[in-house]
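Please build the complete structure, drawing on both the sequences and the hints.
These protein sequences, in sequence, are chains A and B.
Once you know that position 204 of the first sequence is 204 in the UniProt record's numbering, the rest is easy, because the numbers rise by one and skip nothing.
Once you know that position 34 of the second sequence is 34 in the UniProt record's numbering, the rest is easy, because the numbers rise by one and skip nothing.
Note that these hints are calculated values from the structure, not bench results.
Accuracy of the hints is not assured; some may be wrong.
Since the list gives no way to pick one copy over another, a pair counts as held whenever it fits inside one copy or between any two copies.
[To be verified] Cut-off 30 Å, straight-line C-alpha distance, at most; resulting in silico cross-link-like pairs (DSSO-like, lysine-lysine):
1) Lys189 - Lys246
2) Lys246 - Lys167
3) Lys276 - Lys167
4) Lys55 - Lys13
5) Lys246 - Lys176
6) Lys50 - Lys195
7) Lys195 - Lys80
8) Lys13 - Lys195
9) Lys80 - Lys217
10) Lys85 - Lys276
11) Lys217 - Lys281
12) Lys189 - Lys80
13) Lys80 - Lys167
14) Lys176 - Lys80
15) Lys85 - Lys189
16) Lys167 - Lys281
There are 2 protein chains.
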Amino acid sequence: MSYIIGVDAGGSKIEVLALDLERHSANTLIIERSGNAMSAGEDKALYNIKEAVEKVSAPVEKTGSRCLGIYVGAAGAGSKEIRRKIREVLTGLALTDAVFVDSDYRIALAGAAGRPYGVVVIAGTGSVVYGVNEAGSEVILGGWGHLIGDEGSGYYIGRRAIREAVKFYEGRGGSKRIYEEVLAHFSVKDLTEIKPILYSGGFSKDIIAGLTVRVSKLCDEGERIARQILEEAGTALSELVSCALKRFVYISDVIVSGSILLKEKLVYDTFAFELKRTCPKVKIRRPRYRATAGALILLAGELGIELDSNLLPGAETL
Amino acid sequence: MSYIIGVDAGGSKIEVLALDLERHSANTLIIERSGNAMSAGEDKALYNIKEAVEKVSAPVEKTGSRCLGIYVGAAGAGSKEIRRKIREVLTGLALTDAVFVDSDYRIALAGAAGRPYGVVVIAGTGSVVYGVNEAGSEVILGGWGHLIGDEGSGYYIGRRAIREAVKFYEGRGGSKRIYEEVLAHFSVKDLTEIKPILYSGGFSKDIIAGLTVRVSKLCDEGERIARQILEEAGTALSELVSCALKRFVYISDVIVSGSILLKEKLVYDTFAFELKRTCPKVKIRRPRYRATAGALILLAGELGIELDSNLLPGAETL
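Here it is in structure tokens:
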């Protein structure tokens with residue numbers, strides 16, 4: 001008996017999927033620790049990834065099953081050096097020599113599309129548009145992080161909301177209701193108290209992105225600026241995607257992913273409306289599988305294994 | 001004989017000015033270490049401030065001169081707790097019991113205006129507008145830091161430049177010449193290489209603000225987007241100031257400070273033009289003294305000392 005492992009090593013959690021190739025049974029493990037070598041530090045990320053793989057494989061190994069390969073998609077694995085180190089640490093587990101390491105958006109795309117090519121737009125805490133065509137050439141737009149990028153993401157929405165709160169606080173426009181929601185979100189009574197939260201020590205863009213829920217609620221209640229912020233996010237995402245599509249004339253399927261596009265209806269609607277205006281032939285789809293399944297799809301390609309993508313138990317998107 | 005001490009504790013350097021009140025001779029010391037408790041950590045900042053004051057006072061104490069008071073303006077001293085700790089550590093030096101701690105922009109204003117009230121707009125790496133009227137009521141606009149503020153600052157200009165470089169890189173507009181300058185500034189061959197520089201470990205907004213010089217050069221050479229970025233910065237600063245002035249109807253003097261307003265002619269010209277359009281009676285002046293002298297002016301007020309502000313040797317702005 002044999003099995004394969006797919007790993008999605010993100011900034012806040014590592015997800016591992018071990019698939020038994022004969023029985024088509026799957027083992028999924030999620031550990032809430034960072035697998036991002038750039039943000040969490042190399043040693044920590046490597047240790048976390050290694051431990052997650054070890055934990056998921058231990059019970060399968062006991063049954064006498066043999067690991068045919070491991071495929072890792074890792075956030076913050078932009079440099080060859082980091083990819084080499086991840087490979088090294090996993091080869092060190094002596095489960096298999098076939099260890100592949102790639103970017104997190106490559107496995108996200110393969111999972112979302114159910115095949116190794118296509119265009120995916122991911123808008124969660126951050127944002128990125130990633131495309132690969134059948135010839136293997138790729139395009140990435142966005143993914144520059146919160147300081148200079150993240151257009152249309154949860155971070156972008158939260159940051160815009162805080163700026164409207166600041167404007168109100170300073171008496172130069174803004175929105176009183178957004179201001180009140182920002183105070184509530186950060187549990188402070190005076191807006192200046194958010195400064196130490198944002199700037200001292202462990203800054204997390206999640207806390208800013210978390211404001212999206214409140215912006216969304218205000219929008220539902222008819223708040224004009226909240227609505228405007230969500231529409232701007234949708235428009236920003238559509239601009240990134242339409243630019244990606246212009247490079248891949250023969251790909252017309254776009255898969256949307258991430259909480260902002262999947263859960264925020266107004267962001268999605270604006271995105272879809274604007275994108276269809278600029279690219280009338282586009283088809284927008286929801287993701288098929290999770291990123292870990294994408295890792296398995298790519299791994300199967302590398303190993304020359306026939307993988308029936310209709311038989312990926314437990315790999316559906318949540 | 002007696003002397004007084006003014007301290008400007010900034011994020012990248014601490015400047016101390018000891019003024020002999022009889023001889024009107026001054027001792028200035030600048031140490032290039034952080035005095036910002038919020039960004040550098042409390043212990044470090046406290047230690048640095050204490051050492052700077054100790055160093056400047058030691059030779060004066062030897063002459064038998066007596067310290068009448070110390071006034072500290074400290075960046076990142078937003079909380080009472082931090083101000084209390086700075087006061088404590090300086091009282092511990094046993095030079096004087098009269099130790100006052102205030103925000104860095106309060107002493108900057110007093111120095112720039114040569115008196116404790118007025119409106120100052122500071123645009124350097126970051127940006128803030130600060131005003132105090134004769135009744136003592138104050139207004140602060142901006143000063144929210146790089147994540148949600150810093151409008152019109154060097155950081156703002158640099159960030160805008162990087163975004164134009166990204167747009168060019170991704171084939172969605174932008175400016176080729178700005179793109180080339182960004183690559184040169186970060187000494188990289190591929191734009192994605194700036195990501196680890198910006199995100200791993202010791203992020204410094206100075207490196208982004210440092211792009212201003214290159215944007216300015218391109219503007220001089222006629223680059224349209226570079227010009228637009230600088231004009232936007234000037235307009236953003238004028239908006240902050242005109243809002244501050246609306247609250248202080250009887251103050252019409254505005255002092256400009258910081259490298260961006262003092263050295264970038266187009267930013268200044270746009271700022272002045274826009275501000276005069278919205279506030280026709282405004283008078284824009286250059287700063288008179290350094291922030292350390294501002295600390296001395298405020299200290300004199302606290303101690304009831306008559307301080308001839310025409311006799312502040314070595315305290316002129318650089």
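For each hint, the structure was consulted:
When the C-alpha separation of Lys189 and Lys246 is checked against a cutoff of 30 Å, the pair qualifies only between copies, where the shortest distance is 25 Å, while the shortest distance within a copy is 48 Å. For the homomeric pair Lys246 and Lys167, the shortest alpha-carbon distance between copies (15 Å) is at most 30 Å, but the shortest distance inside one copy (38 Å) is not. Taking the closest pair of Cα atoms, Lys276 and Lys167 come within 30 Å of each other only across two copies (22 Å); inside a single copy the shortest separation is 34 Å, beyond that limit. For the identical chains of this complex, Lys55 and Lys13 are intra-copy neighbours only, at 15 Å inside a copy versus 49 Å across copies, given an alpha-carbon limit of 30 Å.
Only between protomers do Lys246 and Lys176 lie at most 30 Å apart by alpha-carbon distance; the minimum there is 20 Å, versus 41 Å within a single protomer. Taking the closest pair of Cα atoms, Lys50 and Lys195 come within 30 Å of each other only across two copies (25 Å); inside a single copy the shortest separation is 37 Å, beyond that limit. In this homomeric assembly, Lys195 and Lys80 come within 30 Å of each other (Cα to Cα) only across copies, at 14 Å, whereas the closest approach inside a single copy is 37 Å. Taking the shortest alpha-carbon separations for Lys13 and Lys195, both the intra-copy value of 27 Å and the inter-copy value of 21 Å come in at or below 30 Å.
In this assembly of identical chains, Lys80 and Lys217 lie within 30 Å of each other by CA distance neither inside one copy nor across copies; the values are 43 Å within and 35 Å between. In the homo-oligomer, the alpha carbons of Lys85 and Lys276 never lie at most 30 Å apart, since the shortest distance is 43 Å inside one protomer and 59 Å across protomers. Taking the closest pair of Cα atoms, Lys217 and Lys281 never come within 30 Å of each other, the shortest separation being 33 Å inside a single copy and 44 Å across copies. Proximity of Lys189 to Lys80 under the C-alpha cut-off of 30 Å is restricted to the inter-copy arrangement: shortest distance 16 Å between copies versus 47 Å within a copy.
Taking the closest pair of Cα atoms, Lys80 and Lys167 come within 30 Å of each other only across two copies (25 Å); inside a single copy the shortest separation is 44 Å, beyond that limit. Proximity of Lys176 and Lys80 under a CA criterion of 30 Å is satisfied inter-copy only: 27 Å between copies versus 48 Å inside one chain copy. Only between protomers do Lys85 and Lys189 lie at most 30 Å apart by alpha-carbon distance; the minimum there is 24 Å, versus 46 Å within a single protomer. When the C-alpha separation of Lys167 and Lys281 is checked against a cutoff of 30 Å, the pair qualifies only between copies, where the shortest distance is 25 Å, while the shortest distance within a copy is 41 Å.
Violated hints, in rising order: 9, 10 and 11; the structure is consistent with all others.
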